[in-house]
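Residue numbers (numbering that gives the first Met the number 0), protein chains in the order written: chain A, 0 to 155; chain B, 0 to 140.
I should point out that these hints are in silico values taken from the structure, not numbers from a laboratory. Possibly wrong hints are sitting among the right ones.
As the list claims (entries may be wrong) - Pair by pair, the computed Cβ-Cβ distance ranges are:
| id | chain 1 | residue 1 | chain 2 | residue 2 | range |
| --- | --- | --- | --- | --- | --- |
| 1 | A | T81 | B | H89 | 28 to 34 Å |
| 2 | A | D129 | B | H89 | 17 to 23 Å |
| 3 | B | R135 | A | L17 | 24 to 30 Å |
| 4 | A | L24 | B | E46 | 51 to 57 Å |
| 5 | B | G111 | A | T81 | 28 to 34 Å |
| 6 | A | T116 | B | R109 | 50 to 56 Å |
| 7 | B | G84 | A | P151 | 23 to 29 Å |
By construction, the Cβ of each residue, glycine as well, lies at the ideal position given by its N, Cα and C atoms.
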Amino acid sequence: MPRSSHWRRDATSAFHLLQHELNRLLEEYLQPARFGGGESPPTDLDAAAWSPPIDVYETPEEVLIVAEVPGVDPATIDLAVTGNLLTLRGVKEPGNLPEPLLQGRERLFGAFHRQITLSSEVDFDQAAADASQGVLTVRLPKRSAAKPRTIPIRPG
Amino acid sequence: MSGENTRIRVRIGSERVESGVPNAAAETVPTIRETFTPPIDIHDGPEGLTLEADLPGATERDLDVQLEDNVLSLYARIDPPVPEGARLLHEEFRLGDYQRSFILSDEVDRDGITAELTNGVLRLFLPKSDRARTRRIEIKS
C-alpha cells in the first residue's frame, strides 16, 4: 500500500540526505563493528586515506593473504617480496563524478602501502596472486619442511 | 526494467524472482550469515541519482538489487575467499554479506536504471522520472 507521501513532495535533497544519514547511523548502531580484531591496519600515509584491510589465513598446505581492494584496478597493484617482507602498493581511485553533486561521501580513496612480515616457512618463489571482484588473494605454499607430517610409530 | 547491457538484475516492485534466476536474498542458507553495511557514495545530479558502493567480493550472480515503493535495497551474498577449514591468523575485516536500504525522495524512471559491478564496486544509476525533473518556466515579457 502506498506510503503517505505528502512530505516527500516537499523534500529537498537536504532532507533526503538527512534521512539517509539517519538510516545509516541506525544501521551502524544495530550492526556489529566490522573492522576490528583489536588492530587497525598500519598506514605509512596520512590517517584519513584509505588502506585495504587484510586477513591472513593458513591451511596445512599454504598461507593465504586476503586484501579487500574495491575500486582498485588490479593492473595497478604492485605486489613484491623482499626477504620475508611482502609489500602491497596501489591506488584506489575515486570515480569521475563531479564533486559538487556529491550528497554523501562514505568511501575513502587514495594511495596505499601495506607491509606484511611472513615467516620463512613459506616459499615466496611459488607465490600466486589473484585479484577479482575487488579482492586480492595471495597464496603462499609452505615449504615441505613446514607442512605437518605424521611420523609413523613402529610397534616395538 | 533494466537496460540491455545490464547483467545485474534489478527487481522492481515486489515481483517474485522466476525459478532458475538466482536471488541472493531469498535463498535459504543453512548457516546464519553476518551482514554488514557497505559504504556508499551518493551523487545527486539533474538527470538522476548515482550510487557507488564498495562491495568487495560481490559477484553479479549473487547481487540482488530491488526497488519497491521508492525504497531501494541491495543485498550481496559473499562467498568466503578461502577454503573451508582455513585457520585465521590475522583479522582486520570480517567475512559476511552486504546489505543496505535507502528511501528515495524522487521518482525513478525504471526503464532507465543501469547497474554495473567493476572490481567490487557497484555503480547504480537511477534516472529521475520526467515528473520529478525540474522544469524551467519561461517568463514572457
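Now the hints, each set against the structure:
1. A:T81 to B:H89: 28 to 34 Å: violated, 20 Å
2. A:D129 to B:H89: 17 to 23 Å: Holds - the Cβ-Cβ distance for D129 (chain A) and H89 (chain B), about 19 Å, lies within 17 to 23 Å.
3. B:R135 to A:L17: 24 to 30 Å: holds, 27 Å
4. A:L24 to B:E46: 51 to 57 Å: Violated, since L24 (chain A) and E46 (chain B) (Cβ atoms, about 29 Å apart) do not stay within the stated range.
5. B:G111 to A:T81: 28 to 34 Å: violated, 51 Å
6. A:T116 to B:R109: 50 to 56 Å: holds, 52 Å
7. B:G84 to A:P151: 23 to 29 Å: 24 Å Cβ-Cβ, so the 23 to 29 Å window holds.
In summary, the numbered hints that this structure violates are 1, 4, 5.
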